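Chemist: Please build the complete structure, drawing on both the sequences and the hints.
Residue numbers (my numbering), protein chains in the order written: chain A, 26 to 370; chain B, 26 to 370; chain C, 26 to 370.
Because the hints were derived from the structure by calculation, they are not lab data. Hints should not be assumed to be uniformly reliable.
[Unchecked claim] Straight-line distance between alpha carbons at most 27 Å, and here's what the computed DSS-like set of lysine-lysine pairs gives:
hint	chain 1	residue 1	chain 2	residue 2
1	A	Lys346	B	Lys367
2	B	Lys366	A	Lys366
3	C	Lys346	B	Lys328
4	B	Lys366	A	Lys346
[As the list claims (entries may be wrong)] Facing chain C, according to a computed beta carbon distance under 8 Å, are these residues of chain B, among others:
hint	residue
5	Val154
6	His170
7	Asp212
8	Leu229
9	Asn243
10	Cys245
11	Leu265
12	Thr350
Because the structure is a prediction, the values reported are computed rather than measured. Note that the Cβ used here is the ideal one computed from N, Cα and C, for glycine as well.
Listed here are the chains, written in short residue letters.
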Amino acid sequence: MNGSLTAADIAAAIGGEVRGDGRRAVVRIAALERADDGSVSFLAQPRLRPLLASTAAGTVILRESDADALVARGRTAIVVDDPYRAYAALTRWWVARERPVGASGVHPSAYVAPGVRLGAHVCIGPFAVVESGAVLGAHVHVGAHAVVGERVQLGEGAVVHARATLGRGCRVGARAVLHSGCVIGADGFGFAPHEGRWEKIEQLGAVWMGDDVEIGANTCVDRGALDDTVIEDGVKLDNLIQIAHNVHIGAHTAMAGCVGVAGSARIGRHCTFGGAAMILGHLEIGDHVHISAASVVMSSITKPGQYSGVFPIDENGNWEKNAATLRQLHQLRHRLRALEKKSST
Amino acid sequence: MNGSLTAADIAAAIGGEVRGDGRRAVVRIAALERADDGSVSFLAQPRLRPLLASTAAGTVILRESDADALVARGRTAIVVDDPYRAYAALTRWWVARERPVGASGVHPSAYVAPGVRLGAHVCIGPFAVVESGAVLGAHVHVGAHAVVGERVQLGEGAVVHARATLGRGCRVGARAVLHSGCVIGADGFGFAPHEGRWEKIEQLGAVWMGDDVEIGANTCVDRGALDDTVIEDGVKLDNLIQIAHNVHIGAHTAMAGCVGVAGSARIGRHCTFGGAAMILGHLEIGDHVHISAASVVMSSITKPGQYSGVFPIDENGNWEKNAATLRQLHQLRHRLRALEKKSST
Amino acid sequence: MNGSLTAADIAAAIGGEVRGDGRRAVVRIAALERADDGSVSFLAQPRLRPLLASTAAGTVILRESDADALVARGRTAIVVDDPYRAYAALTRWWVARERPVGASGVHPSAYVAPGVRLGAHVCIGPFAVVESGAVLGAHVHVGAHAVVGERVQLGEGAVVHARATLGRGCRVGARAVLHSGCVIGADGFGFAPHEGRWEKIEQLGAVWMGDDVEIGANTCVDRGALDDTVIEDGVKLDNLIQIAHNVHIGAHTAMAGCVGVAGSARIGRHCTFGGAAMILGHLEIGDHVHISAASVVMSSITKPGQYSGVFPIDENGNWEKNAATLRQLHQLRHRLRALEKKSST
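Modeler: Here it is in structure tokens:
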């Protein structure tokens, strides 16, 4: 960290307007409930508005309509159109200030194969491996123990965190963030059955990712069987997600942790998937489809909207009774129909 | 790649018979819909037969009965009994041709403990670790950053991809393929409860795998508590699968991504498990049992067949109503029974 | 291993009392069904009592009430209050004896940044990375390829297995066990939506773990957005678990494999979660709550007890019929109500 900050500095950084004392010192970012006088906080959700009356935060990022109440309490307001977005921008500015980009260069313990092309200001960490034919754009960061396979391409500013792995021939766009332990370009799961055994289908495609993609820790994106698995611009995948071969994910779609997408599924743009949602193979999901956590998509969905399918949790005794009855649901329906017939005669 | 290929070369490689011009050049493998004149494609599923009339593929692997229609269009057919299997064989031949086995040898940056036994033509990549007492068969490939623990045994031709990890004492058969990030032989999850705390049970077994096993990226197979966790010949596990301690998986069973198998479950041969299926502990699944994706096996299944248990996904509003009603299903049944009684009197 | 063991040695190690011949040789630990004369086994579950009449085990750890029957068969009993706990203690004693702590020291291939503070008897394996500002307590073990990030703190006796990763600023208590491939302190999944795109929220918190925590292979615990993600003392997490940012897990709670916990969920003490259970974000689970495998917690639970919510698996044909009917369950209820009305008039 370099130098002390004021509310006015924060406002300038995020393009907001100060109300109250702009000279107030800011030393940390904190949630409204846990803030103190040296904190800058933010109010994004209307339901949290009552906290404005009690928060100890010295400085709060908020909408115009909330400013007066805060300033009347002797605090400093920073007025913006979208406080949550402004908070996001603040975190990025904060990190850039706190952790200025390290000296570029290749750590002496790293292994970079002969002939690899490294852009300007590339940084490669201890024991990283960059194999032959790889091309790294300017400002690419490769963390400790990361493995960048043969002929991999990494766009400008991509960050490959410690221990992420990219297999042969995968291409990643600009500003991608690949978290630790993710595996991009392992073989898709392809076997031909023959007399009760499985015969390997070598996976000849690779993985193609657009710009601004983020891939979570220990997430896997498999290479395609013949063509590439495709992750379009701006897609965000959380941790421990499985993307099978030949999947196509449209731009700006986001998936929470533990999601699984089976082979050749084609997913639209601007979709969201709750944690542990599962999407079966070879089906199509249109744009702006939202799947709730733990729901299983078993056929194509073209109409935008929110979709769910989760067995409601209950006290174990109740669940047991209801689950047992569920196995006879079809018969119950028949019995109901029989009664209806009888009753209508 | 070395030299140009013709349809006749492909036919010879996969044991098929040429119909039409065997001298046609082949430069890639492609799906029927995305093929061009230089592509070899294949027709395996009868429902795709109409594509034969429109595909631009110069060469197609297909069954006898489909050959004439293709040849009449001036294309080259390669006739085989099982086109999907022939395609699988072609991919393997293609990869062997494109990527001839690299020079064997130990990368100078790798750490191989004194006394390790290395078979002929073993290849060990950058920063790989092979600990004391390990025994590697001929043609074993250990990728960058892979960790082969103490006294691990790797059968002839086994491939340990970059960053796969094998714990102490695990034994792997011939031709195994272990993908990046998989962890074979971490401790099983064993604790004795005592006064509200958990006391560690050290896991004294290991993992034993037969021949021709494939383990996906970031998949975990835990070591046994006292005996070994066992994965028989030809088992194929996709990515991000959890196999707990003392599980036994019979030969040629296959599991798609995100499956979980709890401790001491015993699974038969020739079973298949769809993605994210969950198998509870200490139960038994017979041979030729097929579990649908996302289904939960809560008791033993001995009868072969297909089993499913997934809440059907629906528009969120409908789901909410049905899920709420489901919590009263048992009462609904009682009410139905009451009506039936009344109506029969 | 050093020297041969007798039943009396085992009894002394676990604080039990010998009945029968204490000089009987013990060479392995085995389950009752697979034991032989040189085995020490244990009887913990009353339902396994019949095995006492047939087991070949030479020595068995059991309760007072079971001793006579065994000794009458000419075997040796070791009497304890809690045989399962005694078995756990035995495994720990066994491992300490079999694998005495290796020589401490830093492997010459490891990278330890200048200024790192290493306690007494620290052991650091091949290619491990310990970044600047890290503080390692006495007897800490860092395995091959493990990455200990900047300013990480590891308590006395913590074991970081091969290829585990700890991100910048994370703090881990004494005697923690972090298994291979786990990622502690990757970024939480935080983005602000803006005009159909996702804007990164940098994650400024870290991960804080108490003493005696165990984290399974390839499990992820994300860093907090502003405050820390917290894992209290004695928590045990199995493999492939996802813990999102700002989650708080109370002391001595245990989770089986493949569980997912979404952001800011607050989980009590002494809870258990079956495999693949999913907990949605921002909700609260009280102490002593037990969630069955594969169940989805969608709202807060404060009352102790066992909770379940799983669609019962069935033969596929039955499942299809019941699942289809389930989508009309709400209408069925209406029809039933209509019939009831009619019948009561």
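Chemist: Tell me the numbers of any earlier hints that the structure contravenes, in ascending order.
Modeler: none
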